[in-house]
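As they're listed, the protein sequences go chains A and B.
The first sequence: position 69 = 69 (the numbering used here), numbered continuously.
The second sequence: position 132 = 1132 (the numbering used here), numbered continuously.
Treat the hints as calculated values from the structure; they're not laboratory data.
A portion of the hints provided could be inaccurate.
What the hints assert, rightly or not - Straight line, CA to CA, 25 Å or less: simulated DSS-like cross-link-like pairs of lysine-lysine:
no. : chain 1 : residue 1 : chain 2 : residue 2
1   : B       : Lys1381   : B       : Lys1272
2   : B       : Lys1219   : A       : Lys89
3   : A       : Lys3      : B       : Lys1274
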Amino acid sequence: MMKSADNTATVVETIEPNSDVLLDNAGKKINIHVTERIPFGHKFATRAISKGESIVKYGERIGFASQNIEVGQHVHVHNMESGRGRGDKT
Amino acid sequence: MLFSGYHRPNGTAGVRNHILIIPSVVCANRVARGISQQVSGTTWIEHQHGCCQLGVDAELTMRILVAHGTHPNVYGVVVVGLGCETNSAQDVAARIKEQCPYKPVHLVVIQDCGGSLKATADGASAAREMVGQASCLVREPIDVSELILGTECGGSDACSGISANPALGIASDLLINAGGSVILAETTELVGAEHLVAARAVNETVAKRCFEVIDRCEKAAIAMGVDMRGGQPTPGNIQGGLSSIEEKSLGCIYKAGTKPLQDVIDYAVPIKKKGLIWMDTPGHDIEQITGMVAGGCQIVVFTTGRGTCCGSPIAPTLKVASNSAVFEKMHDNLDINAGTIVTGDETVQEVGRRIFDEMIFVASGKLAKAEILGFNDFALKRIGPTM
């Protein structure tokens, strides 16, 4: 996790489905059960995120959930959307 | 702190001593390349434009070509034109000579020479003379405050914002502490992070400019009527784990370090201030490098997660890998590994220091891999239609 306000964590090695991951959030250890395969450099949800809620990394909004996301699920283009430069939404 | 470089009579400092062959128009590319291939110690550029351009668009092409000719990394210039183009070779050569009267500038016009073979021979003869003169110059100690660093990230992955960009940010801060200038660019890749950069602006006017250039960039993307995703982030960025332009941008800004933002300037405009400057360029890697070099940056440090091999024809372009896997895989093209931050073997500060030291070493003459392999990437940004 980059900042404590984040609801996603970035993995620096590929994580296989159904792995338990110990996260360091500003010194506080949290255990997360990762349910899906998370390729190197990709993100998983560190808590449940409802559709329309902000996706947060670096302590900043990086987009919105396009569907409900469970804790431990892969967060990427299939379940989140950018809020910027959306010519398709105008 | 000193590096070893070339003092130019107009007070600027070069880190290279190139003889550059510039075609004023696409029709002169073959001759420009032919001249450079004949004469060792020269480099050349090629581009698609220089004719059937209007107004500010034609002027931008002229300005970028002239700025490459007047650049402190360039000792002498051969300008090649066809003879009937909008962007006349005579004007390019005259403007270079006007701004740098001390610089050898030779003009070749293909139609006047009687064809491409004669033009190539004429240009090669002049270039041969210049290479001989240039080789007599010796490097001298110059303060690093004369350096302008162009920062860039391309082929980013999710590690770029964790390792290579924060480490480049440390190197940027070190150069600014030493009195130098650093360019932050690629406006598209600041969409979503502009508030953080604007918060570092030295005054309200500069802060306001940050939001204006982002607004213009975002409106241009929206005007295309599609989701920016696909163009930004690119398919490779997405494979690397970046899900949105905001995520990419938030990782991008780390390469600009922590210093105050002094100014926001237009594409390819000369850098006049010390400290951190935002140049409003596209996210397109080569258009960005071309704009920064036209602004006077003598050296580029380019971070990458997916791997890239490009390089400016006149400014050494150092590559920093964001992860060790890509550094190993593309070792021929990547100069520095910041993947050691991801594995916990080095800190961001340690790698940042290493980037800074390597940058000074390269400014003093060590060749970047892109130079050894002969990369001469050059792309003109267009702001008008081809007529």
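* Could you tell me which of the numbered hints above are not met by this structure, giving the numbers in increasing order? => Result: hint 3 breaks, nothing else.
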